[in-house]
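Q: Sequence:
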Amino acid sequence: MTSTPEEIFPVILQNEKSLGNTTTSSLCYINYGNNAIIKPKELLLYDFRRDYSYIKPKYFNSKNEIIELIKNDMSQSKWLVFVTNKKDGEEFVRQIGNDTVFITANSKKSKNRDGEIYAEIVTQEKFSCKVLVSTSVMDNGINFKDDILRNIVLFTSDRTEFIQMLGRKRRTDNENLNLYICARDSLYFNAKLYNLKQQIQAICCFKSNRSSFAKQYSIGSVSGVELFKGLFYFDDNLNICINELAEIKIYNDKLFYESIISELNDGIKEAFINKQLSWIGLEKTYNPCSWVSYVDSDKNKAVFFKFLEYYCDTDLSDKDFYSFGVKFKELANIAYGKQPGDRPDRNYKEVKMRSFFKRYNLDYDIAVKNKVYTLRKIT
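In case it helps, this note's numbering puts the sequence shown at residues 3 to 381.
Please note that the accuracy of each hint is not assured.
[Unchecked claim] Simulated DEER-style distance windows between Cβ atoms:
#1 Ser264 - Glu311: 25 to 35 Å
#2 Ser280 - Asn363: 38 to 48 Å
#3 Asp298 - Asp268: 20 to 30 Å
#4 Asn241 - Glu127: 21 to 31 Å
#5 Ser130 - Glu67: 20 to 30 Å
Read the hints as simulated data drawn from the structure, not as lab findings.
Cβ coordinates follow ideal geometry from the N, Cα and C atoms, glycine included.
I would like the entire structure built from these sequences, with the hints used as guidance.
A: Spelled out as structure tokens, the structure:
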């Protein structure tokens, strides 16, 4: 039983097909013993489709973007973040800080906070921290049944990992889940493709010239260790063999990466997002408004104008006008973007506001008399 049969089934079917080339009687003898009933060998596949309609996909471009989103989350909802390496996991903990725990393979025996959280996960299928960060060490065999775990963040570009990681969260009745997926760019996929080509080169060398392979790829070297990881193994006689499944996956991934790179180079920013959505049957749900960085300018402008209308014709003292300037700058930047000459340590004063009104043809002005400031609408 598996939720991701696509990679293993072609190999199983190929082997079943080769078995089918033997005689019917020998197949029956193998499967039914001496009391065999003569009948052809059958392979039954039960396919149970999973419903992912409860998933609410959202998309982000960078690690820092999702970190800021998590830091600004004031709700009681929990976050589960799957990173691709230990370095990224440590950065999440460092930047988010309080109530963030990073789980690694070493956490199983740890006496620290990560060990306590790991024990909670195993025994209670929950965790008590706000943000749990993990590598793929936790993608299989661990389930979460926690109705306040409402956000999952995935960085992986591998379909099998994607499905397995998402599947760690068990759904309760009428529950929705926010799924944050990383868009990635062509630079990322070109780096992945380069590594695959290195592995393919090693495979070709292994198949064509074993002695050359032994000289060129040393198991003791760092590059050799990375290359051998999952792709080559030693049999019982200590002979080097190729992992057939890993080899198939490498060639499939190569085609996949080349396809995504081509689309990204053609200007299709959402190419990888659409592919990830297709893995869970949600490719038709893509929505430009679901980007974390999306800004609804019309809505933000409406908020800014409502703010101006509220203060229009109201006399403000120096102190009140300073507070007004702080809010003015905040809402103006959200609605129209950062303005030329803006600095984090400088507030907006009347001169800057007048310049802003003129730049965007807004019928407002700031009147100043005896240190009293008044926002006026020009008619």
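Q: Please go over all the hints and tell whether each is borne out by the structure.
A: Structure-based check of each hint:
At about 50 Å, the CB distance of Ser264 to Glu311 disagrees with the hint of 25 to 35 Å. Between Ser280 and Asn363 the beta carbon distance is about 45 Å. The supplied range of 38 to 48 Å therefore holds. At about 27 Å, the beta-carbon gap between Asp298 and Asp268 stays in the expected band of 20 to 30 Å. Look at Asn241 against Glu127: about 43 Å separates their beta carbons, and that is not inside 21 to 31 Å.
The given range of 20 to 30 Å is respected by Ser130 and Glu67, whose C-beta atoms sit roughly 27 Å from each other.
Checked against the numbered hints given earlier, the structure breaks hints 1 and 4 and satisfies all the rest.
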